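Take a look at the letters that make up each chain.
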Amino acid sequence: MADVLGAFEQAVLLAIVRLGDEAYGRAILKEVQARLERDVAAGAVHATLERLENKGLVSSRLGSGTLVRSGRARRFYRLHPAGLRALNAARAAVDSLWHGLKWPLKGHA
Amino acid sequence: MMMPGMERSSSDSIRPPRWAEAVLGLLVRSDEAESVSGDLIEEYRITVYPSRGRLRADVWYVRQVLGFMLRAPLICGLVLAALHCGRSLLDTFAPPVSWGPRSAVTTWSSIALFVFAGAWGAWRTGRARSGILVALVTYAIGSTLGLAFDVALYVSVIRHDPVKLYMFQLTGGWDEELGLPFMLSLIVAVLGTFGGMLGKLLGAARPRTAA
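Chains as they are written, first to last, in this note's numbering: chain A, 1139 to 1247; chain B, -12 to 198.
Calculated from the structure, these hints are not laboratory results. Because the structure is a prediction, the values reported are computed rather than measured. There's no promise every hint is true.
Said to hold, decoys possible - Derived CB-CB ranges, DEER-like:
| id | chain 1 | residue 1 | chain 2 | residue 2 | range |
| --- | --- | --- | --- | --- | --- |
| 1 | A | D1177 | B | S172 | 56 to 66 Å |
| 2 | A | A1227 | B | D162 | 55 to 65 Å |
| 3 | B | G40 | A | G1209 | 36 to 46 Å |
| 4 | B | I174 | A | A1230 | 45 to 55 Å |
| 5 | A | G1201 | B | W86 | 52 to 62 Å |
| 6 | A | S1202 | B | P37 | 19 to 29 Å |
Unchecked claim - Examples of chain A residues toward chain B, derived with CB under 8 Å:
| id | residue |
| --- | --- |
| 7 | A1182 |
| 8 | T1186 |
| 9 | R1207 |
| 10 | G1245 |
All residues carry an ideal CB built from backbone N, CA and C; glycine is no exception.
Could you put the whole structure together from the sequences, leaning on the hints where they help?
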């Protein structure tokens, strides 16, 4: 059975998918902030990445540093097949919940 | 044309507070410290500093570090707060004949928790000093939440009941509530140091996995 993903985990995984080979910490943070349209703490993204890596949904490798980073290495993330399955399962679950309903909802509140 | 050396020196002059960088280094895993601090310094230099200026950029950086700081020992802090709240509830609604056994349970549980928090922090980061910081932040989270709970308990229950109010004052009252956390900080730091050394030893002994 695929992992059950939280909303923030989905946001981080989808950011990795969108960024492709450029998916490293800061780029993921910016992408998540842009998609969620709110300020997100770097610690929240890093904690989520660590958790996703521990679950085996993503893997990471160290890349080279740049001058603006004072030479500090960038850690690039890549989606694993298990991560892809978890994302597909999450999307299917949402689609199933919404099946038969028109969006946006009207007159139910 | 800008010489590489000049570019480096210009970039290096724009940097967050060194103490905040040092604290961050104590909070993240040793294998992630470089990439995490690199991500923050890149954002600081490219986005935050140019748009907000030095002071607000420094505030932003410290806030990010605080985010890491509160996240690392959050569970230990919540357990400590639960212990504190449970004890306050028991002391208020079921005062014992002798406080000894109850005090022993909470004291030794807290000691174990601080040592565990310190050990976990050092085990995770590979640095003994992280243990002190994690133990102290655990204490700060636990005592802040515990104090908030005690204030609520006092306002809603204790001050309306003369017997409970007398018992509250007999066991130290607000002097103990407000003064004890500061006095105990040193002991927590010592326990965190012990846990930190333990955690570093355990971390050094664990088998390494291939990167």
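(request) Could you check the structure against the hints above and give me the numbers of any it violates, in ascending order? (result) The structure conflicts with hints 1, 3, 8 and 10, although it agrees with all the remaining ones.
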